[in-house]
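Visitor: As a plain string of letters, each chain reads:
There are 2 protein chains.
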Amino acid sequence: MLSKSQISFIKSLHQKKYRKENGIFIIEGIKSIVEFLGSNYQLHSIYFTSAISTQLPKFDTNIRLFEVSDEELRKISTLQTPQGILALVHMPLDSGVDIASLKNQFSLVLDDVQDPGNFGTIIRTADWFGIKNIVCSEHTVEAYNPKTVQSTMGSLCRVNVSYTNLADFLGKVNLPIFGALLDGNDIYQANWGQEGLILLGNEGHGIAKNLIGKITVPITIPRFGMAESLNVAVSAAIFCSELKRFSGPTS
Amino acid sequence: MLSKSQISFIKSLHQKKYRKENGIFIIEGIKSIVEFLGSNYQLHSIYFTSAISTQLPKFDTNIRLFEVSDEELRKISTLQTPQGILALVHMPLDSGVDIASLKNQFSLVLDDVQDPGNFGTIIRTADWFGIKNIVCSEHTVEAYNPKTVQSTMGSLCRVNVSYTNLADFLGKVNLPIFGALLDGNDIYQANWGQEGLILLGNEGHGIAKNLIGKITVPITIPRFGMAESLNVAVSAAIFCSELKRFSGPTS
Numbered sequence: 001m002l003s004k005s006q007i008s009f010i011k012s013l014h015q016k017k018y019r020k021e022n023g024i025f026i027i028e029g030i031k032s033i034v035e036f037l038g039s040n041y042q043l044h045s046i047y048f049t050s051a052i053s054t055q056l057p058k059f060d061t062n063i064r065l066f067e068v069s070d071e072e073l074r075k076i077s078t079l080q081t082p083q084g085i086l087a088l089v090h091m092p093l094d095s096g097v098d099i100a101s102l103k104n105q106f107s108l109v110l111d112d113v114q115d116p117g118n119f120g121t122i123i124r125t126a127d128w129f130g131i132k133n134i135v136c137s138e139h140t141v142e143a144y145n146p147k148t149v150q151s152t153m154g155s156l157c158r159v160n161v162s163y164t165n166l167a168d169f170l171g172k173v174n175l176p177i178f179g180a181l182l183d184g185n186d187i188y189q190a191n192w193g194q195e196g197l198i199l200l201g202n203e204g205h206g207i208a209k210n211l212i213g214k215i216t217v218p219i220t221i222p223r224f225g226m227a228e229s230l231n232v233a234v235s236a237a238i239f240c241s242e243l244k245r246f247s248g249p250t251s
Numbered sequence: 001m002l003s004k005s006q007i008s009f010i011k012s013l014h015q016k017k018y019r020k021e022n023g024i025f026i027i028e029g030i031k032s033i034v035e036f037l038g039s040n041y042q043l044h045s046i047y048f049t050s051a052i053s054t055q056l057p058k059f060d061t062n063i064r065l066f067e068v069s070d071e072e073l074r075k076i077s078t079l080q081t082p083q084g085i086l087a088l089v090h091m092p093l094d095s096g097v098d099i100a101s102l103k104n105q106f107s108l109v110l111d112d113v114q115d116p117g118n119f120g121t122i123i124r125t126a127d128w129f130g131i132k133n134i135v136c137s138e139h140t141v142e143a144y145n146p147k148t149v150q151s152t153m154g155s156l157c158r159v160n161v162s163y164t165n166l167a168d169f170l171g172k173v174n175l176p177i178f179g180a181l182l183d184g185n186d187i188y189q190a191n192w193g194q195e196g197l198i199l200l201g202n203e204g205h206g207i208a209k210n211l212i213g214k215i216t217v218p219i220t221i222p223r224f225g226m227a228e229s230l231n232v233a234v235s236a237a238i239f240c241s242e243l244k245r246f247s248g249p250t251s
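First to last, the sequence lines map onto chains E and H. Residue numbering for the first sequence follows my numbering, starting at 1 and increasing by one per position. Residue numbering for the second sequence follows my numbering, starting at 1 and increasing by one per position.
The set of hints was computed from the structure by calculation and includes no laboratory data. A hint or two may mislead.
Just so you know, same-sequence chains aren't split out, so a pair can sit in one copy or run between any two.
Here are the computed lysine to any residue pairs in the SDA-like style, where the Cα-Cα straight-line distance is at most 20 Å [to be verified]: (1) K132 / P222; (2) K16 / Q80; (3) K172 / Q189; (4) K147 / P116.
Chain E with its partners taken away, still in its complex shape:
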């Protein structure tokens, strides 16, 4: 049985302020938890119902385990339909972007993406296409938001996410910067080369004006119908797909 203070601590982590203060975030579902257990992330504690206890893998003895009732899980869960298991995970320190590590590969750069579901889907898509790094503007939605975490379907533990001032970062980096714009070159004709950054903008306003000048290759997904724009996670996916189609399986 959980104490009142445990419940109130876990519930506080539903809010960004307390996640940041404690350096801890929540993941839910057996699949996510198994993936995080096999990653570099450190788990703090795991809360599971008896129904799921037979599915539990072997745990590191440093992780505190709590069997909880359905009612207790409902109290601490961030989901409308809790999935039988929830874990608290230590946030890694964001030690800033290591520019040298971005060479010879492609990375995503997000300018103020706001929707946690979109961000989570972008992380999952990046993981599918073998993209290891996502660099975000300081006002991009938090990677540890429960909706972001849930939408990544476990991929968060395999993709590095850092936050930085994008104008400074893009000014320093010596890589091609492909920008998703409405009036760039046809994405299907692009020459991606072997490395670069894919810059994607905010859902409503696109890429900030002060960053557009940093783009070295403006790129457009041709429009065949009438929609005014594409969802940012959809654009990100088409960019990832196109550059992998170009580079082939060895990149």
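Given chain E's structure and the hints, the job is docking chain H onto it.
Guide: Then chain H, alone, in the frame of chain E:
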């Protein structure tokens, strides 16, 4: 000022049961409303705050207009942050799938997609790529769910959505059926031809077993990293993008 019964009627439309009963659904935001006004859909009534009244276009005189307070709009809105304007729209009759009309083009077929945000994003993406028809299994999420409508960003008024028994439909139709599977042919090498159906499955379970046998061309988006799967709206987008890349702007 709205009467109590008006407010309770509009609030009832937040639920599928009452939308179906009344044949009316809710759209919100000036952009969506302008797009629906210019479409074949019939608007029933519009509710707007004084702040947005200067942005209103000319209306058909058959549409009832109500200026409402912020407080009233908050009561009837389906959004956490109402956008100053809401309209009620008559649902078109779903007269079933007109198979002959699917010739010489590509259409999407969705097997039990459940998330309204995913469905709305698929409708928006279809509209971007000029895909006019989406055929859904009977258990696919409702196109008039407020979250679906919102995610389409107005594209719902330009894409035909019908619901049907997919096993029957796919048995009758005489078109190539491209199915999104994990072990099909490389999407980047596909020969799409000039017409066909793109079959996409449920978020958790993929395409139902009884439909897999109907697929004439199994297709896979190659995986370069570690994620177990892609979001269904992301898969749909990559399929649309690839077949348009293949067919070119004249298709």
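Visitor: Does each hint fit the structure? Answer for all of them.
Guide: How the hints compare with the structure:
Taking the closest pair of Cα atoms, K132 and P222 come within 20 Å of each other only across two copies (17 Å); inside a single copy the shortest separation is 27 Å, beyond that limit. In the homo-oligomer, the alpha carbons of K16 and Q80 lie at most 20 Å apart both inside one protomer (19 Å) and across protomers (19 Å), since each shortest distance falls under that limit. Taking the shortest alpha-carbon separations for K172 and Q189, neither the intra-copy value of 28 Å nor the inter-copy value of 38 Å comes in at or below 20 Å. For the identical chains of this complex, K147 and P116 are neighbours both inside a copy (6 Å) and across copies (15 Å), given an alpha-carbon limit of 20 Å.
The structure fails to meet hint 3 from the earlier list, while all remaining hints are met.
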